[in-house]
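There are 2 protein chains.
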Amino acid sequence: MEAAWSMSTRLAKHITSEDLQSASEAHLGNFATPILKLKGDATQNYDSVCLPLTSTSWKERWREMCTTHHTLDDSKNKANERRAEDWRANPGFVLGEVHMTRLDEGENVIGILSEWLEVDSPDDWVSHDAEIALKQELAYASYLNLHTVILPPPRDRFHVAFYGRAIRSCLENSHFINVSVRLPIYDPSIFTVQQPAITSTPPLSSTSVPSSPTIQVTPQKQQRRPVIPRAPEGELSGTWEMWDIIRSMCDYNTRLTLTLDLTPPLPSAQGILDRWTAEPIQNVFLPASTFIPNAKGYPVLPKGTQNFLQNLMKKYPTIILSGANQRLHPRGFEDKYTDYIRYLEKSSPHVQRANQRDTLESYSQGYQDYLQMPLQPLQDHLGSAVYENFERDPVKYSKYEDAIFAALSDKPADASLVLTVAGAGRGPLVARSLRAIARSGRSVLVYAIEKNPSAFVTLQQRQEVEWKDGVKILFGDMRVIDVPEKADIIVSELLGSFGDNELSPECLDGAMRFLKDDGISIPSSYNAHLAPISSSKLYQEASGSKENVNRQKALETPYVVMIQAATILSGAGDALSRCGTQIQECWYFEHPRKDVVLNEMGLPLTNTHNTRSATLNFHIPHAGILHGYAGYFEAVLYGNVGLSIHPDRKDRISKDMLSWFPCFFPIKEPLYLPSNSDLKASIWRLTGNHKVWYEWYAEAFLPVSNLVTDSQPAEQVINGAGSLIALPSTPVASPSPMIDAVDSSFSWERSEEADNKPSTNGTVKIGQTSLHNPGGRSSWYGL
Amino acid sequence: MEAAWSMSTRLAKHITSEDLQSASEAHLGNFATPILKLKGDATQNYDSVCLPLTSTSWKERWREMCTTHHTLDDSKNKANERRAEDWRANPGFVLGEVHMTRLDEGENVIGILSEWLEVDSPDDWVSHDAEIALKQELAYASYLNLHTVILPPPRDRFHVAFYGRAIRSCLENSHFINVSVRLPIYDPSIFTVQQPAITSTPPLSSTSVPSSPTIQVTPQKQQRRPVIPRAPEGELSGTWEMWDIIRSMCDYNTRLTLTLDLTPPLPSAQGILDRWTAEPIQNVFLPASTFIPNAKGYPVLPKGTQNFLQNLMKKYPTIILSGANQRLHPRGFEDKYTDYIRYLEKSSPHVQRANQRDTLESYSQGYQDYLQMPLQPLQDHLGSAVYENFERDPVKYSKYEDAIFAALSDKPADASLVLTVAGAGRGPLVARSLRAIARSGRSVLVYAIEKNPSAFVTLQQRQEVEWKDGVKILFGDMRVIDVPEKADIIVSELLGSFGDNELSPECLDGAMRFLKDDGISIPSSYNAHLAPISSSKLYQEASGSKENVNRQKALETPYVVMIQAATILSGAGDALSRCGTQIQECWYFEHPRKDVVLNEMGLPLTNTHNTRSATLNFHIPHAGILHGYAGYFEAVLYGNVGLSIHPDRKDRISKDMLSWFPCFFPIKEPLYLPSNSDLKASIWRLTGNHKVWYEWYAEAFLPVSNLVTDSQPAEQVINGAGSLIALPSTPVASPSPMIDAVDSSFSWERSEEADNKPSTNGTVKIGQTSLHNPGGRSSWYGL
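Just so you know, the protein sequences line up as chains A and B, in that order. Take 1 as the starting number for the first sequence in the numbering used here and just add one per residue. Take 1 as the starting number for the second sequence in the numbering used here and just add one per residue.
Source of the hints: derived by calculation from the structure; they are not laboratory data. Warning: the hint list may mix true and false statements.
One copy or two, it doesn't matter: identical chains are merged, so the pair holds either way.
Claimed, not checked - Derived lysine to aspartate or glutamate pairs resembling EDC-like cross-links, with alpha carbons at most 16 Å apart:
(1) 680 with 156
(2) 594 with 74
(3) 680 with 241
(4) 668 with 251
(5) 37 with 107
(6) 655 with 361
(7) 650 with 585
(8) 76 with 595
(9) 78 with 595
(10) 78 with 600
(11) 650 with 361
(12) 594 with 518
Generate coordinates for the entire structure from the input sequences, incorporating the hints supplied.
Encoded structure:
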């Protein structure tokens, strides 16, 4: 993933065996070898090249040795088997079986390992020898100092565990080299009939004909049924499921990446595409045949592919362009393809926004998917640079000013008011309060309380230089400090990414002592929101090495992170399901709170009233792996002025606000969620002696109406619209305790009472995570 | 689980609040307190007692404090909330709220925590305060030095995560004390109609009326539908699913156990019952109402309950007998109940066999579920005690003698034969060979090869004393030793629990050098078998503490273990499914093997031919948690003489053989398998430089026919017999590459070609384990 830091998409030329053949027959000019010449020529339009590691001689030798039948019935077979055994004992190439031999030939090259290797062959002998050959090729690529090699795709869903195991073994046997599995978004053969079980995308290297699924369809079929292609979503998920198994078996190894093959036409279902964007895509394989000619005959990409590619460009992949030298389009000159891709990148909305000042995209450059520990401003004193960073937000403080203005405006014009800034930091809210006061024309005395002794120096300075008598500054913790008079308005900025996670509720409980009975708190309320997400990147970051002793602890910590390589797994709940919306509210805090019993000092006796819990049901339309939850907050400052980082609402409530990245709550073991499943997420906010923490948990269910026993009447009909309607349960009498056992058939009986009564038990549990309880162990927020 | 070592079932008397009340009014005699008197009286018929920790005064105070509405609108509510806050800050009892106060009162007592505590109440306030109360009760029980407390059952499937989280927190806040969750095998309310959502088994302590589900049914219903009770299996699994979530959330804590409540009548489905026997059942709650009168009016248990209880008695639980003093049966005197249970234990087949000599049950006393590392006789030299132990087997060596006799008998009567024992150890096979030779009347020279220098001393001694010239002993490794002449028969005992796991294939490859071309190997073949099992006990044993740094390693080791607290999850595959039998064969080895290329020394060039792999499909009829695989072997010694530890066949092939316990291959993270799911198990036998190892993996699928999209035609019919028949897929033409995207609806279309063609894609993936690859890391077998 090193390319992620180069901050631009790299373009690689796909050099085929045929190109190598032509080059070896052409004049070399100043170049020492044909490969160096091909690379030299490619520098005009490309950043690097991608070429096959091995030649056909290797393929022929391997086939002779390893695909003869393992009977020693004739002397030829015996000789082949003897050669194979010698090779297995000491695997290696002979000259002529590999294209590159010099270190400079391998520089800046992505190697393609032999396409014909089937480590997942159903034939045990073939898969065994293919694994030896694969390791031999990997060893040779490492010898040549290649940084990345591309592996042929797995062939067969049924044997993918064999592929995964072999790749894991390869990763364990190598160091440094990146292993990138080539996979199309779906297997194009699902659109054809009666393909042999082992089909796959066409090999990258063996053909100069542009690859496309049409070549896999018999012409007769195409003529007889000129329908638009359709496939069940389950089958479109096939290649992604294989990828999921492979990377899980490899324990999310960071050297294992994807080379996404865009040869088959893209499906338009967004869920199918989104899933891939959360994966570690290092390369995109883009054949010239994917392009279409525009009105003038220049090659361009279809709209859907354009969007998808521009979206992927956020991750700075290497785009491997193939066959651009074959004049597939009227004006398909090689540089037209490369220029077009560079144009796509420049015109991508993300890149454009990243180049603008004060956009989230420019502000967050370099922070994408970088996990930060949440601040603990109550426990730790912040540094001036952190304050500085917060104060840069162009939106947040103007919202505060608007809220303060609105609150003041609701007070009588002639009143003498007190406004207290609780937690003033370096003073931004004091400054905004003074501006709002000036706008409102009210007469207001401002107090500023701050517990950070260093920040208090800055406050003293600003008072002396800017604010003079209009502001009185007080040093101390808002929960215990003695305040000279009660306030009409208390303004605070204690919110974290999840709302309450920087202990705003607890701090403001302490501050309510000096708020008048009819006083106003800004913010007046806030709530926390959760969404289930899939992100191998964030999971990798959070879990670090599987061997890590602190892994457990690392996966019980909520992080603050600019989430990018992730996808929200939930969809909008449908009317028939018990599920809520894509992103759901967990809980709510309000200030001032009237129903708390206080002691003589005006403080709550316990923190019980600040515990919270939520059980949320999410609908999962497309299969995915749950890696954790994204957390967001939304706050009402006053009236209709708010702050929000809720993905669907932030632009409406506080557009371009920069101060908060979302939270990420990782889970310990990724949980597979099938298409159309329900996810039940539980989360708790708990408090103990001097600490507050979160615990979280997940269970997955699959709504099924087919969990029937043998005695199930066959005329039972599936409701086409919603599989959440379970078979109705039958009311029956209870057994007498004298009956030894209830009937073993446990069959269903239909009855009048039961009809039209959807049962809530129409789900089958399919999995659960561990409980994450940092409270018991590791990370919590000190009070 | 301390009771497991007392080697007999303990009987506890359930003392109710009413019993305590009566005792306090009765004369104390020599006893200092009513509880001491009750305990003293109970010693006649029982080993211990079980009694409620708290009185009704505590219940009343808690209700007053914690179930008032949390509005401070009147002074009474305010006062209650103030009391509650004071209590929450410092939870504790006042005198009269607990029954026991003296240390001697708590001795040998199982405490029942307050039945009315609902830590899983849907009311956040109730659950929060119930958790505080629960911890307070647990702290008091610890103060009284109670070893075990029984918790009220969870009330609600939907909120069970709340229960699990609270119990985990209790376990983390306590030490030593065992926390036992009371649960019935199923929730009896599933047999009633329109029960409130939160129903449960009747409380243990609050009633003197015998508990039975009939009391929950309205009489009208019972009259109107006098049918035998039926319930879908999913609902019968409800309480077990709750248990699974609780113990998973508690990370399989060894202090968390089950108190199985036999109040509701037992279901007869064996799968439902089996599941519970693999759980850590510490106590069985048995009300007198479960008994029925026999012909003479004495209380006895119904047949199914007898069997189930006798089966549980293998685990030496404490049986808590309730209400035996209430004369529910004509001759239901208290001692008749207790005598009957003691009689059940004595007459249990397991106990009877355990008391016999040379049964597996007596031989394996103390070894149940005790994990042993497999022997590595090739790498390590065995001690004499290990040999001694093996030689005790009454069956194994007589099978060998039979096989040798049969092999000799197949040779010409007049031939001069050579028989070589490869790996003679202390000589048991030599002795048996000599007996077989004598029986056969053949003329045979015996060689005995042994590589263990210490055992070779024993061999020298036996040769000198017993065997004389009939046996020639040779010191060395069979793979390299120079042998004077080739053998007609090679006899070896290199088999492990999984057949090849002690490297028999590799050793015999080396020995085949000195076998004649028409020679015989005893054993002539063997195969390995696998079955998926659920066993929290074995998983607990293998994983140790979750914090353990070596946990990863410990869970990548295959163990040898006398598996007891486990259940095989698979069922017989049905005709319609792709699944095989309950226990399936992985692979097969045969000696001599003819198709291996040898070098000039007669040895294979590589070990490639001894690699193996298998992908097995198991049908899972009843929901369960996969904790690993049990491994078995079966061997053909010669002709029809064999050895087997395959559960279904061992009694037919080698009854009462003791030498091998099964293998256990643990998995790292337990995998939930729903009822009616498919488990795909992959296992590999791999070899590298000087080592051999296994890797294993699992994926789970749920066969579904209802994963339909909105456009699914509603007339689609479920095949009642087998939900494995998926909806047929539609053949369609492939898109042109010029089409940007395939249609988003991905709907099904029915067509003639597709009809009657069962698709193999009718499953949805629901989970997978990590790959276990000891080869890469930890435990392997050295060559």
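Going through the hints against the structure:
With identical chains, the CA atoms of residue 680 and residue 156 are at most 16 Å apart between copies only, with a shortest distance of 15 Å across copies and 33 Å within one. Proximity of residue 594 and residue 74 under a CA criterion of 16 Å is satisfied inter-copy only: 13 Å between copies versus 94 Å inside one chain copy. Taking identical chains as interchangeable, the C-alpha atoms of residue 680 and residue 241 lie at most 16 Å apart only when they sit on different chains, with a minimum of 15 Å there against 22 Å within one chain. In this assembly of identical chains, the alpha carbons of residue 668 and residue 251 lie at most 16 Å apart whether taken from the same copy (12 Å) or from different copies (12 Å).
For a Cα distance limit of 16 Å, the shortest separation of residue 37 from residue 107 inside one copy, 13 Å, qualifies, whereas the shortest one across copies, 89 Å, does not. In this homomeric assembly, residue 655 and residue 361 come within 16 Å of each other (Cα to Cα) only inside a single copy, at 13 Å, whereas the closest approach across copies is 73 Å. Taking CA atoms no more than 16 Å apart as the test, residue 650 paired with residue 585 passes inside one copy only; the shortest distance there is 15 Å, against 58 Å between copies. With identical chains, the CA atoms of residue 76 and residue 595 are at most 16 Å apart between copies only, with a shortest distance of 14 Å across copies and 92 Å within one.
Taking identical chains as interchangeable, the C-alpha atoms of residue 78 and residue 595 lie at most 16 Å apart only when they sit on different chains, with a minimum of 9 Å there against 89 Å within one chain. For the homomeric pair residue 78 and residue 600, the shortest alpha-carbon distance between copies (15 Å) is at most 16 Å, but the shortest distance inside one copy (96 Å) is not. Taking identical chains as interchangeable, the C-alpha atoms of residue 650 and residue 361 lie at most 16 Å apart only when both belong to the same chain, with a minimum of 15 Å there against 68 Å between chains. Taking identical chains as interchangeable, the C-alpha atoms of residue 594 and residue 518 lie at most 16 Å apart only when both belong to the same chain, with a minimum of 11 Å there against 96 Å between chains.
In this structure, none of the earlier numbered hints is contradicted; all agree with it.
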